[in-house]
Each structure stands twice: as C-alpha cells, then as structure tokens.
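Engineer: Protein chains in written order, with the UniProt record's numbering: chain A, 1 to 474; chain B, 1 to 474; chain C, 1 to 474; chain D, 1 to 474.
Hints were generated in silico from the structure; no laboratory data involved. As the structure is a prediction and not an experimental result, all values here were calculated from the model. One or more hints might be untrue.
The list cannot tell twin chains apart, which means a pair is met if one copy fits it or any two copies do.
[To be verified] Capping the alpha-carbon separation at 20 Å, the derived lysine to any residue pairs in SDA-like fashion look like this:
id, residue 1, residue 2
1, Lys374, Arg333
2, Lys317, Lys340
3, Lys166, Gln125
4, Lys374, Phe217
5, Lys72, Met143
6, Lys340, Gln319
7, Lys317, Lys418
8, Lys148, Leu122
9, Lys403, Thr459
10, Lys374, Lys418
11, Lys340, Ala66
12, Lys159, Asn118
13, Lys148, Glu127
14, Lys166, Asp438
15, Lys340, Glu405
4 protein chains.
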Amino acid sequence: MSYEIRGLNEECGVFGIWGHPDAARVTYFGLHSLQHRGQEGAGIVVNQDGHFQSHRGLGLLADVFANPNDLKRLNGNRAIGHVRYATSGHGNLENVQPFIFQFYDCQVALAHNGNLVNAEALRFQIEHEGGIFHSNSDTELLMHLIRKSSAHSFEAKLKDALNQVKGGFAYLLMTDKGLYASLDPHAFRPLVIGQMRNGAYVVASETCALDVVGASFIRDVEPGELIRIDDDGISIMTYTTQTNYAICAMEYIYFARPDSTIKGVNVHRARKRMGAKLADEAPCQADMVIGVPNSSLSAASGYAEASGIPYEMGLVKNQYIGRTFIQPTQELREEGVRMKLSAVRGVVEGKIVILVDDSIVRGTTCRRIVRLLKEAGASEVHVRIAAPPLKYPCFYGIDIQTKKELIASNHSIQDIQKIIGADSLCFLSETGLIEAIDLQLGGPYQGLCMSYFNGDYPTNLYDYQKTLTTHSLT
Amino acid sequence: MSYEIRGLNEECGVFGIWGHPDAARVTYFGLHSLQHRGQEGAGIVVNQDGHFQSHRGLGLLADVFANPNDLKRLNGNRAIGHVRYATSGHGNLENVQPFIFQFYDCQVALAHNGNLVNAEALRFQIEHEGGIFHSNSDTELLMHLIRKSSAHSFEAKLKDALNQVKGGFAYLLMTDKGLYASLDPHAFRPLVIGQMRNGAYVVASETCALDVVGASFIRDVEPGELIRIDDDGISIMTYTTQTNYAICAMEYIYFARPDSTIKGVNVHRARKRMGAKLADEAPCQADMVIGVPNSSLSAASGYAEASGIPYEMGLVKNQYIGRTFIQPTQELREEGVRMKLSAVRGVVEGKIVILVDDSIVRGTTCRRIVRLLKEAGASEVHVRIAAPPLKYPCFYGIDIQTKKELIASNHSIQDIQKIIGADSLCFLSETGLIEAIDLQLGGPYQGLCMSYFNGDYPTNLYDYQKTLTTHSLT
Amino acid sequence: MSYEIRGLNEECGVFGIWGHPDAARVTYFGLHSLQHRGQEGAGIVVNQDGHFQSHRGLGLLADVFANPNDLKRLNGNRAIGHVRYATSGHGNLENVQPFIFQFYDCQVALAHNGNLVNAEALRFQIEHEGGIFHSNSDTELLMHLIRKSSAHSFEAKLKDALNQVKGGFAYLLMTDKGLYASLDPHAFRPLVIGQMRNGAYVVASETCALDVVGASFIRDVEPGELIRIDDDGISIMTYTTQTNYAICAMEYIYFARPDSTIKGVNVHRARKRMGAKLADEAPCQADMVIGVPNSSLSAASGYAEASGIPYEMGLVKNQYIGRTFIQPTQELREEGVRMKLSAVRGVVEGKIVILVDDSIVRGTTCRRIVRLLKEAGASEVHVRIAAPPLKYPCFYGIDIQTKKELIASNHSIQDIQKIIGADSLCFLSETGLIEAIDLQLGGPYQGLCMSYFNGDYPTNLYDYQKTLTTHSLT
Amino acid sequence: MSYEIRGLNEECGVFGIWGHPDAARVTYFGLHSLQHRGQEGAGIVVNQDGHFQSHRGLGLLADVFANPNDLKRLNGNRAIGHVRYATSGHGNLENVQPFIFQFYDCQVALAHNGNLVNAEALRFQIEHEGGIFHSNSDTELLMHLIRKSSAHSFEAKLKDALNQVKGGFAYLLMTDKGLYASLDPHAFRPLVIGQMRNGAYVVASETCALDVVGASFIRDVEPGELIRIDDDGISIMTYTTQTNYAICAMEYIYFARPDSTIKGVNVHRARKRMGAKLADEAPCQADMVIGVPNSSLSAASGYAEASGIPYEMGLVKNQYIGRTFIQPTQELREEGVRMKLSAVRGVVEGKIVILVDDSIVRGTTCRRIVRLLKEAGASEVHVRIAAPPLKYPCFYGIDIQTKKELIASNHSIQDIQKIIGADSLCFLSETGLIEAIDLQLGGPYQGLCMSYFNGDYPTNLYDYQKTLTTHSLT
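Let the sequences and hints guide you as you build the complete structure.
Structural biologist: So this is what it looks like as structure tokens:
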C-alpha cells in the first residue's frame, strides 16, 4: 500500500466572514493579502440563505477569478476561502479548497491550513470501513470523522473529530448555521479574528488580511479553541484543555508577511531584531550590507542598523516575474542571462559585501546569489543567515525539504561555506532567535516550535515516526 | 481640426541585438528588464537573412508572449524590441512597436523612445503631400522623412531625417544590412551599448538590460550620434555636432531602475544621495523613516542613514497585483478595504513617521498614503520629497501631467501640506538635486534637464509653444 | 429536505481502450465523435503501469484540451473517457467524469452514461452510515456499493453492486488490472465493443466512435453483461440473467449520430424509414419538403423520396455557432435579427412547405421555425413530426422535459397546431415508429422503450414513483 | 524587387450600415453570416459623430469578439465590418480590415473584397514617390490614390481612384459624412443593398446577411457604380460606364452560402440545377447518390432527384471541428483514425455509390474521400463533379491554386480518375453550367466569368500577364 499524502497539504491561507453583504468580494481581498501562503490554487465558497455556491481553480487568485463574473455570481453574506501552497504541481483540481460536502441533512464547506501527522492511519481505517476519499489531501478526514461520530449535534461531532486528528491545523468550517474556526492544541499555525466596520466578524490566517479589508483586530485564536460565529455573534469554546504553545518559528523567519503580527509580535520587527542579534553574534568588517529580496530585507536592515554598516541595494528582484514566464535556455544561462534576480555592478563592484538571508535549505539558491555578486565584481561576500541551521523536516504544515536534502543536516557549517562559495558564513543561534522573536510564552522555547533546528517535536509523530527514525525520508 | 498626438508616445524601452543565434530570446529578456519603462504593449522583430518576422501585442511582455511558440517562431540572429508606456489606454495595437516597413527596395524595422516637439507640423506637411499615417504615434514620421529624403544612401537619408525631427528621441532601426541606434542632440533619454560573451553587440535603454543578458557595458550613446552595428562590427557616426547634455532628471528620480547606471551615475546611489541631501536640508525629529515602495526605498534609506533615524517597513506593497486585478467597490473602499498598499499598524501605531517619496504629481496618491498611515495609528506624518516640486510638463518623452493637474504648479507648499494632510512637508532643492546626481557635465545644471522644476526647456517647443504660453494645456 | 439529483446525470458518452500505446489520443478522437452526446464537460483518465493520470474540464472536448500539452502528458496504454450532457449549467467541475478513486489497496476510474431510478434511496442509506459524496451525480453510488460489498474479489463486489443499482446505465470502470464495461438489464443505452488494427479492444457508446478511430465492430454489449478486457483479452460475464430489451427509442429518433448502428439498425436509415412511413400515414400536397437541420434531415429526405415531392434547402443552420456566441438583444430580435437558423426566402417565398422535424418538446422551437418560414414568404407550412407525441418523461438518462412542460402531455394535436401556427400537423404513429426502426427483438415494442409516448415504463420507478403519480414533477 | 502581393487579398466578406443605434452589433451578426467568406480575421469600425472606434483580430469573428465588452464599447450608429479569408497564415494583424486612416482633415475607414491585377505596378509607383505602405494587402492602394488625386472633393477623388485600380473589387468606405459602396466594372464579386425595419440602409457581400439582420433586399450594386449612403438617404452614382458583367461562377458553384441570391439567382437552386444537368449529361447506374458535406449537398440532391436514385447520408461531417483542433498523429492516421469526415459503413457497405462534389482542385481531398468510402465497403465509387474542370487561376479574388497545382491543368480526366481511384469520373460541361445558373445577362457566358475553366479573362491582367504566359506561376 502507499498513496502519497505527504507534500500535498502544506502551508495555506484561510479567510472567512459572516454577515457582510459582499462576503465573497471581501474574502477575495482577504485571500489576496494571503497569496504568499499559497499560489497553487484558490477558491471561495459563499452561502446565501443556506444555498452554497463556489468557484475554485488552479493558479493565483487573480488567475482563478480572471473573469470578474466568477466573483459576481457568488452572492451571499457568508463566505470562506482558501489559497493553496505551490507543491510539485500535479495540477489536481480535486485538491483545491474549500471543499463542499452536501448531505441529505446538511451542507458543510471546509478549508484547512496545516498538516496532520496521523492522516495515513486514520484514512486507512476509514477506507477499510467502506469510506471513499476524493482528494489526496488530508482535509477530507475531518469530514469523515464528523459524519462517523456518534455524538448528537454537529458541534459535538466536530469536537469529537477535532480530538482525533493530530498535528498542525487551522480549520474553517461553514454550515447553514454558522462559521467555525479551530486551532490545534499547539497553535502551530496563526489564526486571528477581526471585525469589519459593519460589525461582521472575519477569521484569517494573518493580521495582514484584517488590515487589507479594513477590519480591526479582535484576538488570536488560542490553541485548543473552537470558535463559532453566527447571527448571534461570537462564541468561544474549547475542544481540549491539553494545550501548550509551539508556534512555528518559520512563520516569523520567512513565511508570514512582514506586516502581520502573530501572537502580539510584529513579523517585520522580529526580523529586524534577528538581524540585529546576528550583527552582535557574527560581526564583520565590510563596505555594505545587502539583503536577499524580498524576504530578507527586514533582517538585513536590522543587521545594518546594529552594525552601522550602510545598507545598499546590491540585488534587484524583477517585479514582473509571473508564473508563466519564459525561462532562459541552458545556453543563454551559460552566457550569463539572468531573470529573477540581478546583482547591481555599480553598487557591489570592488566592495566587501555582507549578504543577509533568512535561511539555507539546499544551498543552491545561496550559492547562485554568491556567484552572482562575485561576477558583478564583489571582492568578498560574507553570508549571514538570520536563523539557525535547518536540520530537521517540519511535519506540521511547512514544506521544508527532507533531511536528505537539507544541507545543514548533512554538512558542517565550514563545508557549507565552501559549497556556497562564501568568504565566511554564520548562522543566528537558537537562543538568539528565541530572544529576537521574544514571545515570552514560557517553556524552553518561549512558545516556539524549534524542531527544524533541534529535532525536538512537540507531538507524537504517528505516521512519520518510522520514517524519521530509519532515515529513509525522501 | 487636429488629431491628438500628445500623450501617445511617452516613455518606452528599446533593445536591439546583432549577431546572436537566439536573438529574439535575448531581446525578450532584455525587454523584460525594461518592463518598468512601458507596460501597455510590447513587440519584437527578428531578422533572418533579410526575412523579417514579428510578434507584437497589448499588455505586459509576458502576456504578449504568453504562448511560448510566439517566441520560438522568431528565428534569426538579429532583433529589435520595444516596450510601450501605459497611457490612457485606447488599446490601439496599431501603435505597438517596433514597426515594420516593407518597400520594393528594402525593409526597415523601427522602434522609438521619446517624444518629438515638431511632430504635428511635420505630419501636417507630409499628409498635405499625400502621405498616409497608420498610427497615432510620431514614430512613423522618421520613416516618411527617410523615404522623402533626396540623399543617395539609406544612411545619408537617415541622417537627413534625424536633423529634421526635434525633441527627445532614442531610435533603433534595423535593415537587412545593419542595426542603427541614434540619440537626440541633448541625450534626454538613456541609451547604452554592450557586448555579449559571444561578441554580439546589444543596444538598450538602460544598463540593467545589459546585466540581465550577461552583456558587458561598452559605452553610452552620446547626443547627436548615429551608431551602426553590422557584420563588420560597430561604427560611430554623428548626424549633428550641435549638441549639449540635458539628461532627464526624472530618469534618476523615479523612472529608471535603481540598478541602472546612466552616464556613469548609478541610479540607486543617486537616490540615496538625494535622500541624504534631503535629510540635511529638511531634518525632522521622528521615530522612523518610511519609504513609499518600491520607487522611494533608496531615497528613504539614504535619509535614514544620514539622519540616524531607523528605517522601518511601515508600508507594504502587495506583490501579486496584476493588471487584470479586481478592484474594491466604492462601498468596500469606504469600509477600509485596501489593495495595492497597506500600512503596518504594528510598526507605525503611536509613532512619529517621516514619509519619503520621490515626487508629488497631483497629490492624490500622497494624500491617500498619509491617511493610510494615520488610520493605522501614526501620530504624526512628516512628508519629505526627494526632488524639487514638479511645476512644468515634460515634452521630451515622460508623461508628466499638464500644468493644470500639477499640484505644485497651482499651490504653495503650505497649501499642499494641508491638502495631503501632512504634519510637515519639504522638498529637495534644485541645487540639492543637481549635487546629489553629481553628473559634472557642465552648464547651469551639470548636464541635467531641469525643466519640470523651473520651466527652462533646452529646445524650441514648436507644436507646444503656443499651448504652453496660453496656459490652455489640457 | 432533499438534494436535487435529477437532471444532472442525463445523457453522456463513454469511451475506453486497453492496450494501445497512444491510448489517451485515441480516446480523445473517440470522444470527439461522441461530442453530440454531451457538451457540458469532458475528461480522460489514462493508466500507465497502474499510475493514473487525468485531465477534465467544463465545456467542449476541444476547449477542455485546448492546450495540447494536456493531452500529451496523459501517457499510458489504457484509458477511459467521458463527455457530459449540457444541463442547466451549474458549472460544477466536481461532476465532470471519469471519476478517479484512490484507495490504500487499489485505484478505480469510473465513467457512467445513464440515470438510476433508486439513487436517492441508496444515497440516503449510505450517507446515514457515514458515507460522503462529493458530486451531485449518481455515478459515485456504484463505487460506494462496491466498497461496502462483503464479496471477496473486486469483480464479485462489482457484480454485487450492479445488482443494487436500478435504471438505465452503461458503466466503464478501469482498474490496474482491467477495463470493465457493463450495461443495465434493459439495454436502455447503447454500448459497443470494437477492435483497433493493433488488436487493442475499445468500448464506446456508439459505433461512430469505432469508425472514427478505425476500429472494427465486434459486438454490442448485451443487457445484464459485465465485460472484462485485460492483457489476456476479453471475457464476457453476466451479473444477472433477468434481462429484456428496452432500447431507448429516442436514440434512433434524435439522439444518436446518423452514422451509428444500434443493435444492427443504422440510425440514418431508420430515420429515413420514419420519414417514409410518415409520408404514407400523413400525406400532403406541397411544393417542397424541408427538414430542420441537422437532426431531421434524414427523416425529411425519407419523406421526400416516399412522396415524390422535391426536398429543398429552405432552412440554413449557421455552422459557426459556438457556445460563447454573442446573442442578439431583445430589440434586435424584434427587428428580425436571427442567428442560428435562417429561412431561405429565395426558396420558400410563395410556396407550400412540408416541414419535417423529429420531435416537439415544448413547442417553442417549432413555433419559431414556422414563423421564420412564414416571414420568409412561405404561403403554407405543414408540420410533420417523424415520431409520436412526447407525453411522459424519461427516467433512464435522457433529459426530456417533465410532464408539465411537455406540450403534448397537456394539449391536443389540434391545439398544438394552433400554438405553433402550422397549417396542419401530424405525428408518426407508435406502430409506424416501431416498424420503421424494425428491431425485431420481440415483446410488444420489438425491444424498444416507448415510455415517453405511452407511459409504459419497463422498470419500477423507485425514487420517481411518487413524483410521477402526484403530478408534482417539476 | 519582390514583395509578395499575391495570395494575400483573396475572398472576403464586407458589411456596412448607416443609421442604426446598435450599428456594431448589427454588423457583427451580418459578418457572422458571411463567416464562410473568410475565417482568418475580422474587424468592425464604428463611427459616432465622427469619432471612429475599432476592434480587429485574427481568427473567427466569435474569437475576435470573445470578450463581449469588445463589442459593447463600439458605440455609434454607423459601422463597417470585414471578414478575411484564411490564407497561408502569416498571422499578420496588420492585414486585418477594415483599415482606419486618420488625416488632419478627415478620417476614412476602408474594407475591401477582391483582388487587383495592377496592384504591384501602382504600389511601386507610389513607393517611388515616397509613399509608405503598412500592410501586404492591396487595400491600402485605394487610399493612396485618393490622397494623391488632384480632384477637389472626397467623392471626386474617390471616383478618380476607382478608375485607376483594375481587377475585382467591392469596396466599402466610411467617412464622417457617409458610407460609400463601389463595385468593379465587371461585378466579379457580389454586393447588395438592403434596408432594416428602422429604415437604416445596409450593404453586404451576400443576401444571407440581409436575411440574418432582418433587412429587406433593395437591389444589387451594379458594375461601375458608386453608392453613397448618408443621413439624407441613398444616392447612386457611376464612376465609369464601360462595364459588362462577369460574375464569378465559383460564387455559385461553391463559395457563396446556399441561401444567398446573386443577381436574382438563388445559389442553392442553381446548385440543384447543376446536379440535375450533371445527371442528364453523365448518368450512372448506382444504389445511391452521396454528396460531400456541406458544400455539395445541394448538387447531390439535384442529381438524386433528376436520376431517381435515392440520396443517402454516406458521409458525415463532424460538426464540432474547430480551428484549434488536435489532429491525429501520422501513426494514428495509418491505423484509420479519421477526424473531419467519416464514411458510414452501415450505409455504403457493398453498394455502388455516386459521389457528387462541386470541384476538384488538387485531387487530394477527392482521392481521400473515395478511399474512405471504399474502406467502408463501397463496391464502386463513381465521382460526378457539378462544374467543369478547373484549369486556370483566378486573379479577381478567389484563392484558386496556380496552374501547376491544378490537377485538371496538367492531367486528362482519365488520368485524374486513376489518381483519385474512382470507378468513373465526369464533369459538368461549360454549357451545362451556364444553363444551370441561368443568369441571362447576355454575352458568350450570359454574364459569368468562366476564366477558371477556359482561360478567357475579361480584363487585361497587368501584373499577372507575364506570369501567366511564362507558366512560371507558383
């Protein structure tokens, strides 16, 4: 047996709203600000007096809704939406969310951000009992568990189901009667509640979505909570009390948008502090600091400010890169034709450069950038990474490469420095990272999940346990 | 009666190559890096053994070449290409360049960046004599003048024609026998020559295009020059010796890409110096400096470095904005739904902010950004513009608004401050700008065209003379 | 409450092939010839060494596969495909077939042509036990029944399931090991087996698909049969012996392609005989016979030949009509602007016309055509319908309107004549139809299902029983 | 010297209207009914109070106007439109009509159906004098001649120009003040005037366009006429009196729509008479008559009626064939996979078949169809062509192959019979054709151009004279 579950349900963004006359359009703008969380597919389900309508498709939100009529026909004052991470691209529309389930006694729309660690075992059990799955994603699982629960109300069945799924998850469900939001017991993924000026409640993966739709921030969804929003307002319930924070550190490091605030900590500021800490921990004599656009610009400016070395624009990212872009042929690449990123000769020529990046995964991108800078005349390139080395995979919803591919899992820092061609290489320490983010939620990591750096996973790994141990992870 | 010429042939980007087996593809990548100079349309003409083929279309380059076969079928080792500025959008494909002209005795492809000031008069004369124009652009004019010239060779006819057109222009022409590049006698627009690793010469509007295709910089095209590139190499001729530099200051301020170098001055560096000068001329006590993304980030970081005030990410630009994007309805806008630009509440709330921008045209954008920051909680917003006030229109190829619309043409700085809702407002001085760019080419403005700021136009205005005087400019 | 099943799984076309190196492409051409059976959606699933890949979409086959790469990437030597009927257009991609089901122990692709009469009851039961359906179609039912069966092999489970579904069905299933084709016990829908020149077996809804792919006809699938095609060849099994023919008469009358042969009877020939019978039963003095293009041309030429009255082209159908076509506004329609069908004034002006059509459903189309002919100058229009009046709905897979909408269910022939504005109106008799088709399979109707004309349904109606009785059919 | 003019301006359709509030939409429907005259490109120019707007594109009309907004924005009560023939496909948008010309003193939109025989000489002269052409088509010539005329009014200049162009032409011109229609002195191409119910006049290539837009037929445009339609009504002028009819026989034979009437003769009826004549001239003992769909169906039914042999549907044309259709690979073709046309085995197997077609050009299509029928089991195939053999090219606007490619120009009928594999082959005689069309306009051919059959060209051939004589025609 072996259907592939892994790698298909990583990082996503969700948005929901209840009680706004133009619910689909607000959801569209909310999702748009979450586009960085997923570019493979997008969808919106709207609910008007119990009549569900949806539009979903592969690609960017703007592509999926390229025909404005697709949005116009989604009438209703309640909606949920989803953007999906760009994985290795089967182009399976079946996997694009939100899913709609129509039963003889109710309808449910469902959207999910995260990854379950016991999906394979649960799915095997359900199929064995005659259940049928239609997607490769593990999102359907929750619906099967709800329908199989012997509890007596939808809410009770839902709580029952939430206690059976393990791992990282932020769920949005919409029924005829209400909008439900729920977070796993460790709060791996961010999920926040806001309120529009007209009083409508919204739920979103990040606060940037609240800012974009003009909603004020109400509160973070807490681990183990089940929130219900309906015509009577908002109700906060818990499905478990066995919770403790393990917020994904990678959200702060590179995944979330810099203008978002997660559990009280602004992401851009956290990144600047990582850069500043890094300047303290790993100083360097140089002419300038350069960040890799766009994700490392905050950390780079933090490094520059703390070190007093000027911050310069030595790398330029082409802003017109789209998904369908024509690529240089191999011949042209060898002649030096470059697309996405250009080094600015006029800035770096003859200079000693500190290059700040947020992470090294396989090392190939970093090596390419170092070479780009040297070809443009930089005399020395000192690489500073504003996070500790990535050594372990993530099982809770971020598509970090497996151990075999993680360069820091298989090589010393000295080796990596040689591989990427840098004149020096330093990483931020784990303590430095924790202090820079400064969550202050207690525990050894102050509420962060640090497993990618130290292998200390906050949950049982179920399906993945064996894989991890036997090092056969692919 | 009078057909409208104005406003249709503003800013563009050109690229040409002679002697590369994959000429069209190299041109594609060169144009891609010049996309910021024009998003309305794009085209490439390729020349294989005298057989011309072309593909042109409306929209971004990637849209025009969305079907990869459109690029593949452009076989040939010589090509020129063009990107066209987004004017008010008639969507007239007729105006998309390069133009191809097929005569019984030769073929010519033609691309143009700039604006002529005597186009109307020349066109009237030619039509009066039975000539027929097919586009609204003034690019065709050169071709008519060439064909009507009584000189004996193509080159002689071309020089003859170049002496009749007045204003700002950078022309690329391709015939069976050679690639010609020519610049107006004041060098309003940038135009550079580079060389690919295989020896092929390229001509481009900006050096960023050379970097992207891996070409090394050879030299700037000088005012009054006519360059011929053919199988024998490169020849430098002049069609006039009555030249003096008046390089468009707006290229340095906001139009060119920061990684480009114009006449020896790197644009990003010039912008940083404008910001630093501004910090000297107009200091301010504040918690942070914020730039308007993306064009003002260099100036803002220059201001921050010079003033010692931290540079923060208080505004975020949505990177997934495309041309076909669905816009918020008026109702949603009033509820605070924002698209392109978001203010980061977590950064600016309760803070005194210095907002650095590169220019104020009509004032509406600046007013919106100030309001955005205040709604996000900024306690004070001090606006600093890294250029002098724009008071006069440009007639040489940049689509700056007319005097009626230019806010600085009709209001005092104090008035503008009130209109945009800023707590203070300062502009960089003309002297400050000239020193920051630091061209050192002599004359009162060291080789810059400063007419937008002071009305001192370096040429006779011909068609526009009356318009300017009578203030009836629309 | 009750979800709507009806009207979503009507008429379709299926095609399958096992053992051809270019299986997807052959399936494409096969489906293309079946496009008349369904224009709402299309899909192909291909199977290469147990690896299933699919492409599905809304619209015509050529639209779904507009990008040739979508077909190219479907590598494999086994495939099944489906075209789906254009119902009132929810645009639900979920309902586009073939469906793929991936289990821990096997994979199944499934395509269906027909309509079940006990789908609602079965679905209620399955959902009640925790099962989840993803589409509105009743096709999924079979898969649930297979997975819930306690039999021990896939084939035994499949037979078990086939005995539980009631109504009209032609199923194609593909697993890693074989291709299965099965027909309901009455053979409502056509299904044939053929063989490619390379030896590969194909299964298709109509023989026209065999002709198009160059396959020779092997045999019809018989009622109650389950056919297995695998690497060892073809095996014919039965899941029930309680069978008797009730082939849908509407297939002969208007649905099937004229070049197809169903159970030995060529459709075009049957239609010519219907026209000839009609000429005998309902003669008329006239100048010409005209058929409604395209479906009634065979019957009209049969009428003309039998009557000796010349057959003329008095109506022309515009061959460039596509789905996205711009329609005339109401104002233009009133001014006489016509799209799909034009009457030819030069042919019909001042003439007595016999208009032959294959059926009258609601009467609106017929009325429009009669008016068209009269506006073009026809002095008399005598309508002759080459089938008996449609009075009862079909529950076995053709989307005939409900009783409320069927004009012949609520009006006398005399009334209908007035409503459509004809000078006379006659229908073919039931006996005439049976003799014209000439199936010779015994029973009162010689093997035809005649229920649309006389209400004599060959099966228990289950879900629909009550509806039919209470006349509340909508 | 040698720009290629030939083959680029063949057959087209034109439509114009003056004085209807929805002029562009009416034009759209008119052009739609003329789509058979040109599928390469389409365009509409609308004129509102002297403001011209246009939309043009490559492909079918429905593709060009796929976005309904493209039609909606064409506001105005006057319009002309054009559909362009599918030639060998450079995909040059420059050649898609109508053309718009904007002068300082007027605007003109121009559409053209036909081919000039002195275009090359005229173009050479104009270019020599400094004129510039933008398209390869010869349509622009007229505009140059108008602008160069020394006459004093637009109308006088136009008449002057019409006297200089030679060959076949039907021109539509629209200015601020009026709509002009003009036909060459031999009336090679059809052109008719009609009137909408609201009084607006329309001009169209064929009467079928009048029928589709609900316009009544007013009169044919006569050779040598120049018609002006403006707010005062219609004025009929002549630019020459040296006229005599030479209506293109191919319009009757295969080009025009069967429901059109040209100079009083209905095309479908003419084709039936050709078939009947052919039955008289070339009888044959057979089981059935089959026509090649769709163009030969009228002739085939005429043959069947006259001979008393039943007309059967032995060939079926797939109605869903579009331009972008995926084609069978060579391998599949060899296995018998067929697309566009299928032979119906159930009809033709074991039968003697008379196959009626309208023409044989290169013989390849006919050979393929004969083989198709034989592979489907036809025992004998007797080919009957309802026109005389095509031996000479057309220079007046129909893209008939050159002499080298015309099979009848290089082979005897007996040879052709062998090449196409027919059991017998006969053509209609020239006399038979003239009698069947029955124009009764005097002269040796009763007003027809018969040059394709007998080389008797009604005009001096100018540019083509040498080519024809030297047999070097390519």
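Engineer: Are the hints correct? Go through all of them and say.
Structural biologist: Comparing the hints with the structure gives:
Taking the shortest Cα distances, Lys374 and Arg333 sit within 20 Å of each other inside one copy (16 Å), while across copies they are farther apart (47 Å). Taking the closest pair of Cα atoms, Lys317 and Lys340 come within 20 Å of each other both inside a single copy (6 Å) and across two copies (18 Å). Taking the shortest Cα distances, Lys166 and Gln125 sit within 20 Å of each other inside one copy (15 Å), while across copies they are farther apart (30 Å). For the identical chains of this complex, Lys374 and Phe217 are inter-copy neighbours only, at 17 Å across copies versus 46 Å inside a copy, given an alpha-carbon limit of 20 Å.
Taking the shortest Cα distances, Lys72 and Met143 never come within 20 Å of each other, neither inside one copy (29 Å) nor across copies (36 Å). Taking the closest pair of Cα atoms, Lys340 and Gln319 come within 20 Å of each other both inside a single copy (8 Å) and across two copies (14 Å). Neither within a single protomer nor between protomers do Lys317 and Lys418 lie at most 20 Å apart by alpha-carbon distance, with minima of 25 Å and 36 Å respectively. For the homomeric pair Lys148 and Leu122, the shortest alpha-carbon distances inside one copy (12 Å) and between copies (18 Å) are both at most 20 Å.
In this assembly of identical chains, the alpha carbons of Lys403 and Thr459 lie at most 20 Å apart only when taken from the same copy (19 Å versus 61 Å across copies). Within a single copy, Lys374 and Lys418 get their C-alpha atoms as close as 14 Å, which meets the 20 Å cut-off; across copies the closest is 49 Å, which misses it. For a Cα distance limit of 20 Å, the shortest separation of Lys340 from Ala66 across copies, 17 Å, qualifies, whereas the shortest one inside one copy, 24 Å, does not. Proximity of Lys159 and Asn118 under a CA criterion of 20 Å is satisfied intra-copy only: 17 Å inside one chain copy versus 34 Å between copies.
Taking the shortest Cα distances, Lys148 and Glu127 sit within 20 Å of each other both inside one copy (12 Å) and across copies (10 Å). In the homo-oligomer, the alpha carbons of Lys166 and Asp438 never lie at most 20 Å apart, since the shortest distance is 27 Å inside one protomer and 63 Å across protomers. In this homomeric assembly, Lys340 and Glu405 never come within 20 Å of each other (Cα to Cα): the closest approach is 23 Å inside a single copy and 37 Å across copies.
Figure legend: structure checked against the earlier numbered hints; hints not met, in rising order: 5, 7, 14, 15.
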